[in-house]
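A.B. asks: Using the hints, put the two standalone chains together into the complex.
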Amino acid sequence: MGTAAKAERSGGAVRIHIALIGCNHRTAPVEFRERVSFTPEQAVHAAGELRERGILEEAVVLSTCNRSELYGVPGETGPAAAEAMEMFFTSFHQIPRAELDGRLYRWMGADAVRHLFRVAAGIDSMMLGEAEILGQLRTAYNQALDHGSTGPVLNRMFQGALEVGKRVRAETEVGARPMSVALAGVKLAERVFGNLKGHSALIVGAGAVAEQVVEHLRNRGIGSVRVVNRSYEHAAELARKMGGEAVAWESLESVVGVPDILVTSVGGTGPVLTREMLERAIAARTGRPVFVVDLGVPRNVSADAAGLYNLYLYNIDDLGEIVEQNKKSREAEIPRAEALISEHLSKFEAWRAAIEAGSIVDDLRDRFHQHRESLIREKLAEMKDVSPGERERIAHITEELIERVLEHPTQKMRQGGRMRGHLAGLDALRHLFGLDEEKD
Amino acid sequence: MWVSLGELKPYMTYHLGYWSLALYIASFICYARILYVPHLWLGRAASLLLAGGILLQYFALLERSRWTHSVPYNDLYGSMSLFAWLLGITYLGLEIFHRQRSVGAFVTLLLVIWIALLHLLAPPGLPPQPSERGPLFAFHVTLNTWAYAAFALSFVLSVIYLVQDRVLRSRRLGTPFWRFPALDVLDRMARSSVYVGLGALIMGVVMGLIWKHRLSGGYSWGDPKVVVTLAILVVYAAYLWLSRSAAWRGARAALLCALNFVIVLFSYTFVNLYFTKFHRFF
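Top to bottom, those sequences are chains A and B. End of the first sequence sits at 440 in my numbering; the numbers just go up one at a time, nothing left out. End of the second sequence sits at 1282 in my numbering; the numbers just go up one at a time, nothing left out.
Keep in mind that the hints were calculated from the coordinates and are not lab data. C-beta: ideal position from N, C-alpha, C; glycine also. Please note that the accuracy of each hint is not assured.
What the hints assert, rightly or not - Covered stretches of chain B, as calculated for chain A (at least 3 residues, CB under 8 Å):
id : stretch
1  : 1032-1044
2  : 1166-1172
3  : 1183-1196
4  : 1248-1262
Next comes chain B alone, as it looks inside the complex (with noise of 0.2 Å):
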């Protein structure tokens, strides 16, 4: 029986979508495990497990770009997995550049509800090939969708210092609490993931107002979706300046990290879908 390659396509996007879900399964079991019993080699069975599903993840979304000949980010499915990978990779980057694992188990985690949902919630097949917009606005897409990663996974990490903090002042400590990264790690990666965020935002919104001005001579100042973007610039920089201020170090700033992530949240969803006529894609 002879397969068409407009069935071929589909098959293969769910089949490695599929296959790298497994894989971040099988990589936050194991960074599960690790906060109970401390094992060098299942550490890096996870992040190699981890780095897998990643690659994966990279061939499904290749299939997808190149049916649609863009980054996908018109449907549903192929934004969210965009975003997953994306994820991904910051949490992989950070997890190296800090050295530091035992928050893997939380982002692996994040992950798989993520990637399970947006298997749920896609509808069956390739989406309609959008017009041709360019390479930048290619990149001004993927890299704020990669702000927004970032900044979930700052959210991940300034929750699980509330926690800490919160279990370190209630003197009831149980045993992940002893694996867990210490508050200054958290605060540290939390940081980082933040300047992550506000660097790919900064230059995705420069692009896109690039591409704009290309397009149609002028700037959108007044959508909703750019207002809401400024806003969370701006909310984001004043968690970078607060957070070594005196007053707000610590828990108060890993606070703040948290309740921006609202803001993102809201632009992801509600002002993509209900708000912006300019920025909605599906």
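So here's chain A without its partners, still in its complex pose (with noise of 0.2 Å):
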């Protein structure tokens, strides 16, 4: 055990507490969250100024557009240090402590760390699932080690819950399919070309949807990007912002027939791209499937044209009813990943109770050394007669005495994984022998 929880030695035995107290989407509003966030270099600085005075021993800021967190070991129990942490909290940021009533949350000890597991998993964010936050939380962490933030107790809690958020993303669906309607552009255009790279795209018209599209399709390194539009500049703009070409609108028919993914997203009225323009396009293509994203509002693509050979046409609300899908879907994925947080948090708690079990064996063998010594001088002082050899024998044979009763008890504890669930049976067994006592 590090010094960490060395220094958590109360009465005697280890004790590891942990701490957190913070604010997220559903407790406080976006207008206090922005006034509680940590930049990077404010997240260091809040850590370190938290052991330096003394309220924690170890401390990790996680701060994002959703969540202010604070984690921790503290050197006090219980709500005395959530006390102080959030006494930290209002100075930090310069609050009156009235602002916090009901925005602030505490959880200690075992709820602490599944509130972080249920971060990192995804299941605590405002889009269920995200895999934004694991990037986040990572790097909250990697900041916060790299500054000695961090001890064995943060170490092995952030690790786990990385671990967690990887486990819960690659075994469950809950961050599966896209939640959102450009996401899901993307993703089904996937389900017809494969593999995006090399393919290309037409956007038209530049709206904040179609924007986002392109994005995603950038990340899947789609081979090039043409954007169309009635206002060349804003064309040129976009097109220069995603690394694309602008085309005049003139050229959008003879244009058409190019590229694998169309996407429009042209206001006015009547339809762009007519069932003849498609069909065109298609045999231009010598019959290679085509996919068509309509973000248009009223549609930008004749309805007629669904109907064409090796054209797949989506409109917004294919797309919206496709999302609301896969939401339903994700929120029936929740009881399965709560249950590979529980599967981690027992583990936590096995290597918790090990760490804790294994303190209170070697507490018992101080205290019955203390009481095999006391009773060696009392009794051989009564004793004139026993010789020197005799009394060191009976001196080993009390050490061995002890070292055989405290055998079983050693290993048992030792074996952290059969601890799980004891943390109460510790306790009473701290209690029992006295070691919660203060020592003198």
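C.D. replies: Below, the structure is given as structure tokens:
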């Protein structure tokens, strides 16, 4: 055990305490979250200060657009530590204490660990199962690690959280299906073309969602992107931003047969792409499939084009419905994600129990040796006819007796996996042998 | 108690056959699981289990071949077992080539049903030893069976393509949909499979013709099996050509590929059992 846990010895026994305070999108509005967010530099500074002031022995600050949280291993136990953390939180952000009421949550011990694991799994996120939080959590932890703010407890806890996050995404559907209209469109295109590398896209119009689609396409290594807009300047601007090529509106018909993916997002009335235009486009592509995402309202693509052979057409409502289906599907996966979280929490608690159990055996041994020494001193003083050799043998036998008595519990207690769920029992043991009393 | 060699060999053959079936079932479970829950190691386990099943089935076939001194073609058990084994090998090859595991569940399910059926239908004991026909004939039978197995695989892939296409157009996308391979990948896998099948069939037919010519100095062009086999060559070649054309590319080509397999089934069952005298082995 490192310095942190050693420093937590109270009443002779190692006790690992973990505390968390914070707020997220559920407990606080965005105006408040903005005021209590930490920049990366502030997060490092805050973690350092929490340790310097003796409030925490280990600290990690996690701050994203949806949450600001302080994780720590406090020297003090229970609400007192959380109280000190709250005081620090308000003073750091210069916020009146009254403003925190109902907005800040506190979790201690296993509850704090479970909360962190849920955050890593994306279950506590605004968009269920989002992937970004895992990267943000990794960055926050690495930053704290680099600046020496973490110790054995938070290292174990955050490494466990990163593992949970990865497993939940790999083994459940929580993060699998697209949750935005833009991503749904791109994922569907992948269902037709497979890998999008080497494929081409044409963006007709320059709406915000179309921009998101292009971004997702770019992230997937799309070969080339062309942008057509009524305003050539807007087309050129978006093309420049996305590393594509701007095309004049008048050339729309001549370029519509080139790309594999068509994204339309044009305001105004009437369809921009008619069935006949698309029919000619498919013929120009020698029948190769075309994937069309129509984000326009009213629709930019004639409804009767949906029946064209090798044309896959999705409008904004279709994509919205798919996103809704996916949302329900992700929610249905929560119990499986929670089961994985519980599994990792049990592992963490077993580790915690093993550390704490190990310290009890050491304390018991110390206590028995104290009794043995005083007893031998007292009794041998009465036994005048015992030779020095016999005294030494008695001392040796009593020492061996203690070791034999403690051999079995030592083995049992050092087996962390078997100590799961026995934390209350350990407390009782401490109490039984008076190990929870203050040492003189 | 002493067991004679004649008693031991069927035991070995069936015992290994059951073990390979067990591995195919385990492989199917893993493949089916990764359709719902993606897992790299589970996917690898599925492929390894399939490879294990293929290896055990190879030893079962080898044992049978040693007894009959021939490729196992002259009884239903041997023939069906050889077909399943070649189907497994062809799929595994395509899986590695296209780096795609998501159709494994369908192929292994077909394997499981096929092998379970052959265990149910197969008569106990070993088949009678056929007359010696030489290695050229053995290659002819093996290559033709391989072609049928590859066409069966292209049928499975084409059916998945058609289902996937229908789902994409219906916009009701269930969980496995997001795990299925893309239409383009299915198309390429089906075409690869047909290429393998056509290659094997052409070589098999050529070897059969050479063997027949050596035996009798002539060819059996009028044999229904030869006629149907040539028809199979034509329809699959037509598929490969049409699947690149503007009017047929995509779902229509997949439908054609699936329908072509009906002729293969006809050739493998009805033609073998009722029409041909020359190619009837059991």
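A.B. asks: Verify the coverage statement for the stretch 1166-1172 of chain B against chain A, using a C-beta to C-beta distance below 8 Å and requiring 3 or more qualifying residues.
C.D. replies: This one holds; 4 residues, not fewer than the three required, reach chain A with a Cβ under 8 Å.
A.B. asks: Count the residues of the stretch 1183-1196 of chain B whose CB lies closer than 8 Å to any CB of chain A, then report whether that count reaches three.
C.D. replies: holds (count 3)
A.B. asks: Can you tell me if the stretch 1248-1262 of chain B counts as covered by chain A, using C-beta to C-beta distances under 8 Å and a minimum of three residues?
C.D. replies: holds (count 5)
A.B. asks: How about the stretch 1032-1044 of chain B: do at least three of its residues have a C-beta closer than 8 Å to a C-beta of chain A?
C.D. replies: It holds, with 5 qualifying residues against the three required.
Hint check: no violations occur; every hint is consistent with the structure.
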